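First residue of the sequence shown? That's 1 in UniProt numbering, and the numbers climb one at a time after it.
Calculated from the structure, these hints are not laboratory results.
Each hint should be verified, as a subset may be incorrect.
[Claimed, not checked] Straight-line distance between alpha carbons at most 25 Å, and here's what the computed SDA-like set of lysine to any residue pairs gives: (1) K242 / V223; (2) K60 / D85; (3) K60 / G49; (4) K60 / T84; (5) K60 / A94; (6) K60 / R17; (7) K60 / G128; (8) K60 / S38; (9) K60 / R149; (10) K60 / L83; (11) K60 / D14; (12) K60 / T97; (13) K60 / R45; (14) K60 / V48; (15) K60 / R28; (16) K60 / A43; (17) K60 / S36; (18) K60 / E129; (19) K60 / D73; (20) K60 / I167; (21) K60 / R133; (22) K60 / L39; (23) K60 / E70; (24) K60 / G47; (25) K242 / A232; (26) K60 / A50; (27) K60 / A24; (28) K60 / P86; (29) K60 / A90; (30) K60 / D87; (31) K60 / E81; (32) K60 / F93; (33) K60 / T103; (34) K60 / G74; (35) K60 / A31; (36) K60 / G136; (37) K242 / A221.
[Claimed, not checked] Ranges between beta-carbon positions, derived for each pair: (38) A50 / V140: 41 to 49 Å; (39) P176 / P222: 30 to 38 Å; (40) R169 / Q241: 24 to 32 Å.
These numbers were taken from a predicted model, which means no experiment stands behind them.
Yeah, the Cβ is synthetic: ideal placement off N, Cα and C, and Gly gets one too.
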Amino acid sequence: MTVPNGTEPAVRADARRNRALILAAAQRALAERGTSVSLMEVARRAGVGAGTVHRHFPTKTALLEAVMQERVDGLAALAAEHLTDPDPGAAFFALSTHVIVTTPGNKDLCDLVQSDDGWPRALLRGAGERFHRALGALLVAAQRQGAVRAEVTVTDVLDIFTGCVAIQRHRQTGDPVAPAVALILDALRTPSSAVTELAKTDRDETARRSESPAPCPVCRAPVHRPTIGRPARYCSPACRQKAHRLRSSSNSPRLRRA
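Build out the structure end to end from the sequences listed, making use of the hints.
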């Protein structure tokens, strides 16, 4: 059967759209349920038929490799984008943080990739090489800037990623980096840049402490901020009691009926 030329581009576009939907659904399903998720479940989440999934990915192994390839290619693209950043040191640590925070949701998939069961990995190997090249270029730029220790290699960074991801798995998805991870990343900085980063953090914290507190919501008078404990909201106990009486009267049944 011959497909009219006018419909062929539409068919290809529809196939690309379905493939993207399947990969996105598979990524979510794998993050939630691990590699035991079925192709039928992936099809349901993608909103396509099981036959469509099988046409694009004849086996679950093919789907798993495609999902992992897409993720690694995404990291490679992100690293390449960071190469144009005017501050390569900040860009390197931003990329490192992103890799560490987003990888724990792909634990089972990463474990499968690191196994030795002989499943095909040609596409994944190419994606990994692209990521390593982009990461290496960003590392060199950060080292030339003096932001990262000169003796650190790409292999060192990848080993650090592995250890930090293991630590980060103990935290909830979406949480910031664990304190131990932050310490490990700081160890990559040159001594001078680490001191500068600490001084910057101290300045930011000092600036936050010196910000003027909000005035008292009752009388608009300045509110004294204590050095320890919870920040005060009212300027005095009298204003606090007055605010409590106003809240109590506004919640009374009589006023609500009115």
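These are the hints, each one checked on the structure:
1. K242 / V223: holds (16 Å)
2. K60 / D85: violated (38 Å)
3. K60 / G49: holds (15 Å)
4. K60 / T84: violated (37 Å)
5. K60 / A94: violated (33 Å)
6. K60 / R17: holds (19 Å)
7. K60 / G128: Holds - the C-alpha atoms of G128 and K60 are around 20 Å apart, at most 25 Å.
8. K60 / S38: holds (8 Å)
9. K60 / R149: violated (42 Å)
10. K60 / L83: violated (35 Å)
11. K60 / D14: holds (22 Å)
12. K60 / T97: violated (30 Å)
13. K60 / R45: holds (15 Å)
14. K60 / V48: Given that 25 Å is the threshold and the Cα spacing comes to 16 Å, the pair holds.
15. K60 / R28: holds (15 Å)
16. K60 / A43: Within the cut-off at roughly 12 Å; holds.
17. K60 / S36: holds (10 Å)
18. K60 / E129: Holds, at about 24 Å.
19. K60 / D73: holds (20 Å)
20. K60 / I167: violated (29 Å)
21. K60 / R133: Distance of about 29 Å is beyond 25 Å: violated.
22. K60 / L39: holds (7 Å)
23. K60 / E70: Between K60 and E70 the Cα gap is close to 15 Å, so the pair holds against 25 Å.
24. K60 / G47: holds (18 Å)
25. K242 / A232: Holds: K242 and A232 sit about 15 Å apart, inside 25 Å.
26. K60 / A50: The hint holds at about 12 Å.
27. K60 / A24: Holds: K60 and A24 sit about 15 Å apart, inside 25 Å.
28. K60 / P86: Given pair K60, P86 is violated - Cα atoms ~42 Å apart, limit 25 Å.
29. K60 / A90: violated (38 Å)
30. K60 / D87: Roughly 41 Å between the alpha carbons, so the hint for K60 and D87 is violated.
31. K60 / E81: violated (32 Å)
32. K60 / F93: Distance of about 35 Å is beyond 25 Å: violated.
33. K60 / T103: holds (21 Å)
34. K60 / G74: holds (21 Å)
35. K60 / A31: holds (15 Å)
36. K60 / G136: At roughly 32 Å apart (the allowed maximum being 25 Å), G136 and K60 break the hint.
37. K242 / A221: Between K242 and A221 the Cα gap is close to 14 Å, so the pair holds against 25 Å.
38. A50 / V140: 41 to 49 Å: Distance hint for A50, V140 holds at roughly 47 Å.
39. P176 / P222: 30 to 38 Å: holds (33 Å)
40. R169 / Q241: 24 to 32 Å: Cβ of R169 to Cβ of Q241: about 49 Å, so the range 24 to 32 Å is violated.
Checked against the numbered hints listed earlier, the structure breaks hints 2, 4, 5, 9, 10, 12, 20, 21, 28, 29, 30, 31, 32, 36, 40; every other hint is satisfied.
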